[in-house]
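Enquirer: Based on these hints, arrange chain B on the given structure of chain A.
Taken in order, these protein sequences are the chains called A and B.
Count along the first sequence starting at 1, add 5, and that's the number in our numbering.
Count along the second sequence starting at 1, add 128, and that's the number in our numbering.
Hints in this document: simulated from the structure, not taken from any laboratory.
Note that the coordinates shown come from a computational prediction; the quantities given were computed from them, not determined experimentally.
Some hints could be false.
Cβ-to-Cβ under 7 Å is the rule here; a few derived chain A residues that face chain B [stated by the list, open to error]: (1) 20; (2) 36; (3) 41; (4) 49; (5) 52; (6) 154; (7) 157; (8) 161; (9) 162; (10) 169; (11) 256; (12) 259.
A few chain B residues that don't get close to chain A, going by computed Cβ distances all over 10 Å [unchecked claim]: (13) 297; (14) 359; (15) 525; (16) 566.
A virtual CB, placed ideally from N, CA and C, is assigned to each residue, including glycine.
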Amino acid sequence: MQRYLLYRVVQSLVTLLAISVIIFGLSRLSGNPVDALLPDNAAPQEAAVVMHEWGLDRPLHVQYFAFIRNAVQGNLGNSLKWSGETALGMVWQRLPATLQLGGFAIIISTLIAIPIGVLAAVHKGGLFDSFGKMVALLGQAVPPFWLGIVLIWVFAVYWNVFPTSGRGGFEHMVMPAIAMGWYQVAALMRLTRSSTLEVLDNEYIKLARLKGVPEWRVIWVHALRNAAIAPLTYFGVIIGYIFTGSVVIETVFAWPGTGLLAIEAIRARDYPVVQAVVLTFAVVFIIANLIVDILYAFVDPRIRYNDNE
Amino acid sequence: MTMKYISSRLWRPCRYVAFVATVIALTLATIPWGATALAQNSDRVVAVVTPPGLETNRFWAATSLWQSLGQSLEGLLEHDPITGEYNGDGLATSWEHNDDFTVWTFNLRKGVQFHFGYGEFTADDVVHSYNLGVGKSSVIPGVDQLRGAEVVALDKYTVRFSYKKPRTNLLYLHGGHSIMLIYSKKQFDKEGLEGYDRRFAGTGHYQFVSREPGRVMYERVDGHYSGMVPDFKELEVRFVTEPATKLAMLLAGEAHIADLSRELMPDALTAGMTTAQSTLPSIQTDLVFNGLYCESHDDRCRKDLPWYDVRIREAINRAINREEMLKVLFPSGGYGLHARYTMVKGNEGYDATLEARFQAEYGYDLEKVKQLLKDANYPDGFKDPTIPLILTPMSAMPEVPLQQQMVYQYLIQAGFKAKIVELDYARVRKMGRERELYMINPGRNAPPRPTEVAFRAFYTNPGGGLQGWEDDWTASHIETLINTVDLVSRDKQARALQNYLFEQYVDIPLFDGYTQVAINPKVVSGWNFPGVTSAGYGHWHLIKAAN
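For reference, chain A alone in the conformation it holds in the complex:
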């Protein structure tokens, strides 16, 4: 187990390094922040002074190694747009909002998707299965930003039961969390359905029924525990999606999280902040997947990682 963990940690560090190269290169390819941030009538000389001040006049490889050297020390540079702010500080400031919304979206997705998925499997070809298929189809087909705007219009403008946007109490989270988690409901539900169907055919389920174990217990305890392995793996993907999806959802709902920060930073070509946001997303994604892999072993007794593996 320890060896496996060590292997995964090293693998994660290599992944982070690769991501740093990609994000550094892509952000430079998008153009020079001086062009986005300086006023229209700034003269070339002024642009040159600013570029020198920001270190953008140095060769790319020098900029990259300086970036890595500072990043290792926890310094991702200063924001070009938000004067006086560090890039990482900006991300830390906004991260709680995204985690709050993302966490709530995951809870909502899970609460809806798992029961429907199990029921669709138990009642294969029946009402729930058809309902599940419809949910899956809509979930996969409806773009989150469109769903977000529709939710705002229906529940905030016409019915006035939820606030349209912004961060505040619990009521502010409901619509953005649904919009963010809707796509995941579909995927998670289908995954739960197929893995439950597979498990329901197993001998131990038949044995449990023959022994007179109540049906609800057979399904929700015995079957679901094994059927949950595939959806559990998928949670790693969900967390990644929640972060990338936050970019759109936070813009629609004016939710002041890292997604909105990313949009603002990209518009301004604020390299340090864009890099900080993406690296933070990557770290969270990698850690989440690591945790999922570890949980894997606990959920399924057949799966054990040991030093011989």
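Expert: For chain B alone, kept in the frame of chain A given last:
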């Protein structure tokens, strides 16, 4: 056993539905229903606006913070809300300058108190604020013109700005869109910039309460020196990017004022909202004939460009049906035509005859276009007769892509060869700055400004991405204007320039725009503001409550 088995098999979908419904019901029960309605406080007015470039309390750190700081911080000069003229109602009660406009003296109002007990406003605060405004990190527009002064507090209520070169437009730098705002020196001495970040003290009708991402709160100040009491006790400014969300906030009653995009304004009006509009144009839109870098010392002048020929420039201007564009692009109104970018009533060199001549000399006339093209031997007389039109999305200007497509269609219909070139605006800026932009650019959408300031920005070398026309005659006359201090001579110089540029068809003038906001008439009955600040808004204390 049998019964148990049967009962377990009876676990039917309806039971699951009941369970899920119960969970949902319990969840919903925790929601404070009607919270949005309760949040509507009759003492509070909420304005939702497009986010500024930077959410900060440091005015000099970004170019467009007026809509988030102008509620509390004031410049030296106050504007008349209707005419936009500077008056002595603000922090400076009067001012004077020497004959050559190098020394300006401002007499300050006595007894003005900073918020939160930071004491009386004095000349020291002006000196301090000037130093902040012109610092290395300052990016406020026009800061290069503001810089270079020796600012001295002559006494507690008198401050003097001394420049080596004339500053005929200094008032604009203190009261125009590139305004210098006044912070408390006492607060700075005590708390530093961090103090401003936490809670800055201003002298306006509203004082700062709090800031969080996407929101700034202000509350009314009792006993403002003007004697005027705003109708609303609290003022909340929300920053929202998505236009549909802004409209939803307005219709849901969460916001009472919204700077809606023009395409959504009709929806707001249909839903019973009304509009408030600046009394003066706050933005002017021109297309720029980029690439005419034709001062004699400049080897980047491309004489082979079709629009190097004045007949082609005139023909392009006459091929465009501006009245039709107005109807299509701005169905809710709020826009008009202008003859020249720099032609603003009250400006130096304003010439009313140019407005009278505009229709005859720039108006839509396809017959004249055909004649001009024939005279210029277009397209055969040109190496590459294609007219490239930049299509670029521009912040807060949703109509620009359609506007460019319409211009493209007009040119094609008139017999031009044209093409659309899609470019990111930052790339346009870069090409302009490097003087490699040989296209027709929609990027000149800027607030009206004094003639000399505009000439410096748009017709002198070197400049930025908005650079269009440059030639020796224009350059020398602008230089003369800059160095002329006699007001009559300046007016004459400016008028000559206006006429020359008009007759040379150096730009494609399109529209005068007014800042227009949608308002909820049940809460806000009106708002008078001149539209002369960088964001167009101002005079927040004049927002009138409906009841």
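Enquirer: Please verify that the nearest CB of chain A lies beyond 10 Å from residue 297/B's CB.
Expert: 15 Å, holds
Enquirer: A closest beta-carbon separation below 7 Å is what the hint needs, so does residue 157/A meet it against chain B?
Expert: 5 Å, holds
Enquirer: Mind checking the CB of residue 256/A against every CB in chain B and telling me if the closest is under 7 Å?
Expert: 6 Å, holds
Enquirer: Evaluate the condition: distance from the CB of residue 525/B to the nearest CB of chain A exceeds 10 Å.
Expert: 13 Å, holds
Enquirer: Holds or violated: residue 259/A as interface residue toward chain B, Cβ cutoff 7 Å?
Expert: 4 Å, holds
Enquirer: Should the interface hint for residue 52/A be scored as holding, given a Cβ-Cβ cut-off of 7 Å against chain B?
Expert: 6 Å, holds
Enquirer: Is the Cβ of residue 359/B farther than 10 Å from every Cβ of chain A?
Expert: 24 Å, holds
Enquirer: With 7 Å as the cut and Cβ atoms as the points, is residue 36/A at the interface with chain B?
Expert: OK, holds: residue 36/A within 7 Å of chain B, min 5 Å.
Enquirer: Against chain B, is residue 169/A within 7 Å by beta-carbon distance?
Expert: With a minimum Cβ separation of about 4 Å from chain B (threshold 7 Å), the hint on residue 169/A holds.
Enquirer: Under 7 Å, Cβ to Cβ, is where residue 20/A needs to be relative to chain B, so tell me if that hint holds or is violated.
Expert: 30 Å, violated
Enquirer: Holds or violated: is the Cβ of residue 566/B farther than 10 Å from all Cβ atoms of chain A?
Expert: 17 Å, holds
Enquirer: If you take the shortest Cβ to Cβ gap from residue 162/A to chain B, is it below 7 Å?
Expert: Result: holds, 5 Å to nearest chain B Cβ.
Of the numbered hints stated above, the single one contradicted by the structure is hint 1.
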